[in-house]
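Chemist: According to the numbering used here, the sequence shown is numbered sequentially starting from 1.
These aren't lab readings, by the way, just hints derived from the structure by calculation.
Any given hint could turn out to be false.
The list that follows gives simulated cross-link-like pairs (lysine to aspartate or glutamate, EDC-like), each with its CA atoms no further than 20 Å apart [stated by the list, open to error]: (1) Lys48 to Asp180; (2) Lys69 to Glu192; (3) Lys48 to Glu273; (4) Lys48 to Asp182; (5) Lys69 to Asp118; (6) Lys69 to Asp51; (7) Lys69 to Glu8; (8) Lys302 to Asp156; (9) Lys69 to Glu184; (10) Lys48 to Glu184; (11) Lys69 to Glu10; (12) Lys69 to Glu193; (13) Lys302 to Glu258; (14) Lys48 to Glu3; (15) Lys302 to Asp83; (16) Lys69 to Asp139.
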Amino acid sequence: MSETLHVEVEPDVTIHVDRWAARLPGAPTVLALHGFSGNGAIFAGLAKAFDGAVEVLAIDCRGRGRSSKPADPARYGMRRHADDAAAVLRALDRTDVVVVGTSMGAWISTQLAARHPDLVRAAILLDGGYFALLPAGTDPVAWANQVLLGAIDRMDMVIPDLDLAVAALRVAPGIGTIWDADIERSLRADFEEVDGGVRGRLRPVAAIADARSYHDPVEDPYLRRDIARITCPVHLVTAPEGLPITAETSSPPIMPAETVAEFQRALPQLTVEMAPDTNHFTVCLGPVANALVVAATREVLK
């Protein structure tokens with residue numbers, strides 16, 4: 001079972017933290033950072049996979065889950081999420097942590113390593129952390145919405161009943177193939193009651209601002225520029241397929257080979273492995289992802 005913590009990072013912003021304790025005092029700490037529409041509870045399975053060998057901390061990024069949701073779009077973005085994670089670590093007196101970032105969490109991880117190197121021992125990125133430049137004139141929010149198969153358009157969708165929402169997700173391509181009690185618990189926590197039913201806790205202001213943050217500015221995104229500031233070891237795990245569309249088809253990979261090669265040129269210490277027969281969901285969550293993270297963590301802790 002996890003312990004629930006709440007850390008004030010700004011006078012009006014509190015970050016929700018799930019903490020799974022290690023068996024022994026002084027054990028290393030793993031900070032887990034979730035994807036675009038997730039929450040920290042999604043890492044319960046990862047904590048079980050570590051079996052108490054490390055302490056696992058997982059935050060709900062602002063605008064999501066049980067953390068605060070400011071109304072100002074200027075108060076979001078990968079830098080802001082990274083600074084929130086750093087504030088949590090400092091409040092809990094944690095340094096020398098291994099940061100694990102899944103999907104969007106991978107970009108937050110690179111920002112955390114670049115902006116707060118005193119806190120990060122190593123970073124493990126699951127299918128994220130670097131994008132190729134967009135063509136001039138591209139709307140980064142429309143581009144992200146396309147990559148996410150229209151998820152931003154559905155942010156405010158109201159579903160009549162929570163059980164109906166969970167049942168639909170349970171049979172969805174991708175998440176449905178790795179379904180277990182921990183994932184269901186996390187997804188249930190990601191909905192809130194509203195008039196007419198339930199909707200996801202991720203607020204559109206956060207979704208749109210964070211989508212824009214991936215390519216801010218389009219001609220020279222700070223997420224790419226700041227890669228040069230990273231000094232710690234970084235390990236990237238990629239999937240050969242993107243987001244599942246049907247049981248048989250997926251979108252193109254989030255991290256295609258040419259993008260990974262560019263990432264390696266920008267970050268010489270980057271090590272890379274591809275997880276065979278995975279897609280963006282199964283390389284980020286579930287038993288395969290958990291085993292990959294545990295193995296990579298053991299390697300960087302040697």
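Chemist: So, for every hint listed, does it hold in this structure?
Modeler: Hints and how they fare:
1. Lys48 to Asp180: Measuring from Cα to Cα gives roughly 13 Å; hence the hint holds.
2. Lys69 to Glu192: Judged against 20 Å, a Cα distance of about 13 Å means the pair holds.
3. Lys48 to Glu273: violated (23 Å)
4. Lys48 to Asp182: holds (10 Å)
5. Lys69 to Asp118: Violated, because 28 Å separates the two Cα atoms, which is more than 20 Å.
6. Lys69 to Asp51: Violated: Lys69 and Asp51 sit about 33 Å apart, past 20 Å.
7. Lys69 to Glu8: OK: Lys69 and Glu8 at ~13 Å, within 20 Å.
8. Lys302 to Asp156: The hint is violated at about 45 Å.
9. Lys69 to Glu184: Judged against 20 Å, a Cα distance of about 23 Å means the pair is violated.
10. Lys48 to Glu184: Holds. Lys48 to Glu184 sits at ~15 Å (cutoff 20 Å).
11. Lys69 to Glu10: holds (12 Å)
12. Lys69 to Glu193: Holds, at about 16 Å.
13. Lys302 to Glu258: violated (31 Å)
14. Lys48 to Glu3: Holds, at about 14 Å.
15. Lys302 to Asp83: Violated, at about 28 Å.
16. Lys69 to Asp139: Not satisfied, since the Cα-Cα distance of roughly 24 Å exceeds 20 Å.
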